[in-house]
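Letter by letter, the chains look like this.
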Amino acid sequence: MVQLHNVFMSYQRDVAALNGINLTIPKGDFVFITGVSGAGKSTLLKLLYGALQPSRGQVVVDGQNVTRLSRAQIPYLRRNIGVVFQDFKLLPNRTVLENVAITLEVLGWGKKDIGKKVYHILKQLGLEHKINSTPLRLSGGEQQRVALARALVNDPKILLADEPTGNLDEENKEQILAIFKEANIRGTTVLVATHDRRLTENCHRRMVVLEKGQVVEDSDVPQ
Amino acid sequence: MSRNKPAKRPRLTNEGFLGRLNFFFARALINIRQNIFIHLVTIGTIAIALLIISLFLLVYVNLEGAADVWSNRVQVTAYFERELNQQEITTLKTGILALSGTDKVAYVAREEAVKRFRARLKGQESLLDGVTADVLPASIEINLKSGSRSSEAIEAYVVRLKKIPGISEVQYGEEWVKRFTAFMNFMRLVGALLGGFLLLAVVFIVSNTIKLTIYARKDELELLSLVGATRFFIKAPFLIEGIFQGALGALLSLLVLTACYFGFLHNAGNFVSFNPASVGLSFLPVTHLAGVFFGGVCLGFLGSLTSLKRFINV
Ligand SMILES: Nc1ncnc2c1ncn2[C@@H]1O[C@H](COP(=O)(O)OP(=O)(O)O)[C@@H](O)[C@H]1O
Ligand SMILES: [Mg+2]
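These protein sequence lines are chains R and P, in that order. Under this note's numbering, the first residue of the first sequence is numbered 1, with each subsequent residue one higher. Under this note's numbering, the first residue of the second sequence is numbered 1, with each subsequent residue one higher.
No lab work stands behind these hints: they were computed from the structure.
Sample of chain P residues at the chain R side, in silico, Cβ under 10 Å:
hint, residue
1, G19
2, F23
3, R217
4, L223
5, G228
As a list, the in silico BS3-like pairs of lysine-lysine whose alpha-carbon atoms are at most 30 Å apart:
hint, chain 1, residue 1, chain 2, residue 2
6, P, K309, R, K111
7, R, K46, P, K235
8, P, K235, R, K89
9, P, K218, R, K89
10, R, K117, P, K218
11, P, K145, P, K178
12, R, K89, P, K211
13, R, K117, P, K235
14, P, K211, R, K46
15, R, K27, R, K181
16, R, K111, P, K218
17, P, K235, R, K112
18, P, K218, R, K112
19, P, K235, R, K116
20, P, K211, P, K235
21, P, K235, R, K111
22, R, K212, R, K27
23, P, K309, R, K89
24, P, K93, P, K162
Even for Gly, the Cβ is constructed at its ideal location relative to N, Cα and C.
Isolated chain R (complex conformation):
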């Protein structure tokens, strides 16, 4: 589902954020990308949904070579990828319903179908009673779940989550992790970038460790 071949990426000259990454993630996998802050986790995720282009190397997502996509093709790639951003990117002047609906509006869904589908996903995430609140009235954990709902509402092939448990307490972390697992069971390939070692310890999944833009450990590959 995701393949990176010899990927280099630098924001400034001579400072490599990613330094020759090779990685293959098959369909239906659940992978943690870990490493200390600044290791290049967020950069790697951004390459996958076309927010950044690598300086060198190839990035293949869902059978498409992201580096070769035109600007007009990128949106169609993104429709198959649900992203949970580190800063959530919820629109403060819209309700929870409207925030989650955006994903489906972009796909051209009708209003009724959107209403049903959004309600359904919010119910799954235990947020249906907040459907008409605005994001600023929600707790951190609730905002995180709204962001998740927006990423998952169209059953994406891939889910990318950047530090999804950043400031959450243990209970909320468990809840979020459970949602990831459920999405994974339903067939979504899940990539979670986190520097939170505790999260990965409780959850036995494939783990890719980044350090200074390189893969230094991959639990999938026999050491």
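Take the given structure of chain R and dock chain P with the ligands to it, following the hints.
For chain P with the ligands alone, coordinates are given in the frame of chain R:
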């Protein structure tokens, strides 16, 4: 929990051009409601900007109108040594009327000329004692159409006029016409410069206001792009909002302009009791009003379009 199946996706009720358009309009309306303050600021800016432009137009149109009235004084006169008979007058009149640029032609007989002379010297008629009709020449007076009153046009006209058999001596207020033409050219130049400057300022201010308002919503633009919206999908509601802002701003400015104009007439009328038509005052013609409205719509649309270019490359 079922596994993902492509068949699960419902039909796309917003598919098709009309469905899309419907969605974009609805979206634009919701956006306006949710960002009402921003929209009011933009509409207000456009209204003020267009009000300045249309006030300028109003003044300009009235000056042009006044100039047109003055230029009625431009008259070409052909003089004749002797009185003409009816047949000659008719032939000449027909020939002159056939020239392009001729508006009115009138024959002034010697008797008539003396009468006019007397009228002008009212109170000092004694000066005219002994003056008989023979002293003054007969003449044909020609009024020109308003497009042919510049000094170049008159010169060309006179050349053609002199080709008519029987006409030799032609006069017109050459100096006056020259000065008047120069004045009009100057006025038009100043008008064009001032108008151009105003227009630039207006475009600058409005486009920057729109840019700021779109900047305030750049998170929305970015997010739409990140969830896979095409650029057209992101832009369309904003462009509709821009057109809406432009149209509303223009209507507002025309409303205020109308109120200003008739308020002015009303108040001025109380003082000097005059009739606007008699002083040559007029409101903007419909074409100009339509132009201001269309200009507002363009301003809103193009302002949004160019501002969006800046932000949609996320
Ligand atoms: N927008 C940016 N401009 C310049 N440098 C950046 C930018 N984003 C990240 N970096 C640098 O790239 C490196 C990797 O960053 P990042 O991918 O955000 O790491 P992580 O997500 O693992 O904390 C860091 O050294 C960081 O300073
Ligand atoms: Mg990061």
